[in-house]
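J.: Taken in order, these protein sequences are the chains called B and X.
The opening position of the first sequence corresponds to residue 1 in UniProt numbering, with each subsequent residue numbered one higher.
The opening position of the second sequence corresponds to residue 1 in UniProt numbering, with each subsequent residue numbered one higher.
Hints are computed from structural coordinates only; laboratory data are not their basis.
A few of these clues could be false.
[Claimed, not checked] Stretch-level coverage of chain X by chain B, calculated; a stretch enters the list once three of its residues show a Cβ under 8 Å from a Cβ in chain B:
hint: 1; segment: 95–102
hint: 2; segment: 120–129
hint: 3; segment: 148–161
[Said to hold, decoys possible] Take a look, some chain X residues computed to stay more than 12 Å from chain B by CB distance:
hint: 4; residue: Gly22
hint: 5; residue: Ser72
hint: 6; residue: Lys76
hint: 7; residue: Val134
hint: 8; residue: Gly244
hint: 9; residue: Ser261
hint: 10; residue: Arg269
hint: 11; residue: Pro274
hint: 12; residue: Ala288
hint: 13; residue: Ala302
hint: 14; residue: Asp316
[Claimed, not checked] Restraint-style ranges between C-beta atoms, simulated for each label pair:
hint: 15; chain 1: B; residue 1: Arg321; chain 2: X; residue 2: Lys130; range: 21 to 31 Å
hint: 16; chain 1: B; residue 1: Ala4; chain 2: X; residue 2: Gly82; range: 46 to 56 Å
hint: 17; chain 1: X; residue 1: Gly82; chain 2: B; residue 2: Phe186; range: 49 to 59 Å
hint: 18; chain 1: B; residue 1: Phe186; chain 2: X; residue 2: Gly21; range: 53 to 63 Å
Even glycine gets a Cβ: it sits at the ideal position worked out from N, Cα and C.
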Amino acid sequence: MAMAVLRRLGQTLFVLFGISVLVFLVFFATPGADPTARIAGRNASPQTIARVRVEYGFDRPLPVQYVRMMEKLFVTRDLTSYVNRGELVVPEVFQAAPVTVSLVTGAALIWVLASVAMGTLAAALRGTWVDRGLMMLGLVGISIPVFWLGQVANLLTQSRYHDSWLFSWVPGLGYVPFTQDPLGWFRALVIPWVTLAVLFVGIYSRVLRADLVAVRGEDFMRTARAKGLSPARVLLFHGLRTSMMTFVSLFGLDFAQLVGGGALLTEVVFGLQGVGRLTYQALGNLDLPLIMATVMYSAVFVVIANAVVDMLYLLLDPRVRDGRA
Amino acid sequence: MDADAPPLLAVRDLTIALPVGGRMVTIVDSVSFTLGAREILGIVGESGSGKSMTALALMGLIDAPGARITGSARFKGRELVGLPQRAFRTLRGREIAMIFQDPMTAFTPVYTVGWQIDEQIRAHGRVTRKDARVRTIRLLGDMGVPDPARVADRYPHQLSGGLRQRAMIAMALSCNPSLLIADEPTTALDVTVQAQILDLLRRLRREYGSSVLLITHDMGVVAETCDRTMVLYSGTIAERGPTGAVFARPGHPYTAALLDSIPPLHGARPARLPSIPGSPPAPADRPAGCPFAPRCGYAHDACAVRPPLLPRGVQDIACVLPAEGRDLPARCVSA
Chain B
1 MAMAVLRRLG QTLFVLFGIS VLVFLVFFAT PGADPTARIA GRNASPQTIA RVRVEYGFDR
61 PLPVQYVRMM EKLFVTRDLT SYVNRGELVV PEVFQAAPVT VSLVTGAALI WVLASVAMGT
121 LAAALRGTWV DRGLMMLGLV GISIPVFWLG QVANLLTQSR YHDSWLFSWV PGLGYVPFTQ
181 DPLGWFRALV IPWVTLAVLF VGIYSRVLRA DLVAVRGEDF MRTARAKGLS PARVLLFHGL
241 RTSMMTFVSL FGLDFAQLVG GGALLTEVVF GLQGVGRLTY QALGNLDLPL IMATVMYSAV
301 FVVIANAVVD MLYLLLDPRV RDGRA
Chain X
1 MDADAPPLLA VRDLTIALPV GGRMVTIVDS VSFTLGAREI LGIVGESGSG KSMTALALMG
61 LIDAPGARIT GSARFKGREL VGLPQRAFRT LRGREIAMIF QDPMTAFTPV YTVGWQIDEQ
121 IRAHGRVTRK DARVRTIRLL GDMGVPDPAR VADRYPHQLS GGLRQRAMIA MALSCNPSLL
181 IADEPTTALD VTVQAQILDL LRRLRREYGS SVLLITHDMG VVAETCDRTM VLYSGTIAER
241 GPTGAVFARP GHPYTAALLD SIPPLHGARP ARLPSIPGSP PAPADRPAGC PFAPRCGYAH
301 DACAVRPPLL PRGVQDIACV LPAEGRDLPA RCVSA
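In isolation and in its complexed conformation, chain B is listed as follows (with noise of 0.2 Å):
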């Protein structure tokens, strides 16, 4: 187990020092567009020019080039912004990163709960209207746009029915820390974790499901059913319990891609300044430290994710514990 454990970190610090390679080079080594002038700005003058090479290294081999930059971003943190100048880029993302984090744990929160209830009772219901009713709901939820649903949203609660008595404790657009106001923070983003787990609600219903109707078969559930107990209990402790494994998946790389940046839209809409939000305007500036964090940060938060669930398989698998599955 601790071997397992110890392995599979290893396999992530190796995957993120390919990424951070991949990025680096796509970014800082593609022929033709020269870093230094951009980060020098326009009209630098030839000094200028100059000390930023030898402080990028832009003068030195690739390699040094590389190590110069991790440097930058993970030991001395000092990159800083071609755009706004002198806007330190780690600090940025470290800033918008609990706004995107916020949102997203409580959709997931949201959505996990809801779908495990819609797919449970899905499966259990099978073939009546209540099942069919259920799936329709999950597919029209997949259907929806997630930013007209964010702009019906604002819609309703900040203009059309904001002063009635249903949506008047709805505070205007935008983040409000937790540690500043935990209940303004509650309020500022039920909806927006509404509306970002509307589209997940309906593909984890459904999926979970699916897999609870084809585990129905399975010969454990009849040996569970032959022993006398309730049919909730078959369903919940053998049916879902074994289902969990493609949910459990499934969840961990779309809570890291959301994390990591995924969330945009939402953001967008719901005027949070998160990551997603973050890496959009660096790219549309060509921001080219900016991307790099970010990319970097989203990658760090998709590994683990994946290092993560990898551990929870462990935990809800005993025979991938024993490395036979």
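Using the hints, position chain X against chain B.
T.: Using the frame of chain B, we list chain X on its own:
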């Protein structure tokens, strides 16, 4: 066995029909048998003969939509056919337990074997977790599992096939059921392990007083284990009777053919084992007359009408031959 006492299980004209492609297809057709206390009854037949279906019907586990089960199955005087699921649940596991063919897939892979046995014990009585575990370990020990306390903490995939089947039997016996249905319990096991498991099944009636319904396609298993034998063919009874008699004087050509396809232990070894030509008819297109007639060497005009199950000595045989005075030759029994 006391002849006057009502049998533990009396099945009468059990018929099971499933909807296939829009019409009802009879899978099991008017099967009747009784099972006394502490008796082992073997149900033999090829795959598709309806033996597993019969067992599942007795457990109330047929949940295919539209399935129609008619006839009667009285267990301890209680009618099982048409019993609501809620009532079945208190019987299942407590009064009637079942062991399945493949012990690998019959356990839920994510729980320890002990946990799963505890679960059954706790489902049928107010037993604390600790007491349940004590009983689980004792049961596993009784089933000949070495170091039962450690095995209880293992996951199904960590055990060998034999150990898993022993654990399965321990689980089935955990609530002292009066009837144990074993559906091909040894098919997935090695021959040596097979013998041990059969030995265990025979011991059960002594130590636990359970009756066993042993479903198999293996005549050798039947000969070794069962008091009485019922041969199913194509959803109907071909022959039934005390195992010794059935093996010594098979009355139905199908039974005789099954016995012929076992390699003899003594005497000259045949160059090639006889086999039954053809294959059993699909449930949807069974012939109107004797279902075995198309594959039977003795088939003649009288076989166009389905022969009723008639007594012949201690056996019941669904064949026209005994009535015509043309008994099949007796066999020397080596089993």
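J.: Compare the structure with each hint and give your call.
T.: Verification of the supplied hints:
1. Look at the segment 95–102 of chain X against chain B: 4 of its residues bring a Cβ nearer than 8 Å to a Cβ of that chain, three or more, so the hint holds.
2. Counting residues of the segment 120–129 of chain X whose beta-carbon sits less than 8 Å from any beta-carbon of chain B gives 3, enough to reach three: the coverage restraint holds.
3. Here's how the segment 148–161 of chain X fares: 3 of its residues keep a CB closer than 8 Å to some CB of chain B, so the rule of at least three is met and the hint holds.
4. Distance to chain B confirms Gly22(X) as a non-interface residue, since its nearest Cβ pair spans about 18 Å, more than 12 Å.
5. Separation of Ser72(X) from chain B is adequate, the least Cβ-Cβ distance of about 22 Å exceeding the 12 Å criterion.
6. No beta-carbon of chain B is positioned within 12 Å of the beta-carbon of Lys76(X); the least distance is around 16 Å.
7. At the 12 Å boundary, the C-beta of Val134(X) stays outside the reach of chain B, the nearest C-beta of that chain being 19 Å off.
8. Annotated as non-interface, Gly244(X) keeps its C-beta farther than 12 Å from every C-beta of chain B; the closest such distance is 32 Å.
9. Against the 12 Å criterion, Ser261(X) stays outside the reach of chain B, whose nearest CB is about 28 Å from its own CB.
10. Non-interface status of Arg269(X) relative to chain B is upheld: no Cβ of that chain comes within 12 Å, the nearest being about 38 Å off.
11. Once the 12 Å rule is applied to beta carbons, Pro274(X) is consistent with being away from chain B; the minimum gap is 34 Å.
12. No beta-carbon of chain B comes within 12 Å of the beta-carbon of Ala288(X); the shortest separation is about 34 Å.
13. At roughly 42 Å, the least C-beta separation between Ala302(X) and chain B is larger than 12 Å, which holds for a residue marked as non-interface.
14. At roughly 30 Å from the closest C-beta of chain B, the C-beta of Asp316(X) stays outside 12 Å, upholding its exclusion from the interface.
15. Distance hint for Arg321(B) and Lys130(X): a CB-CB separation of about 26 Å, consistent with the stated range 21 to 31 Å.
16. The hinted window of 46 to 56 Å between Ala4(B) and Gly82(X) holds, with their beta carbons roughly 53 Å apart.
17. Range check, Gly82(X) to Phe186(B): Cβ separation about 54 Å, and the 49 to 59 Å hint holds.
18. Between Phe186(B) and Gly21(X) the beta carbons are some 56 Å apart, a value that agrees with the proposed interval 53 to 63 Å.
The structure agrees with every numbered hint stated previously.
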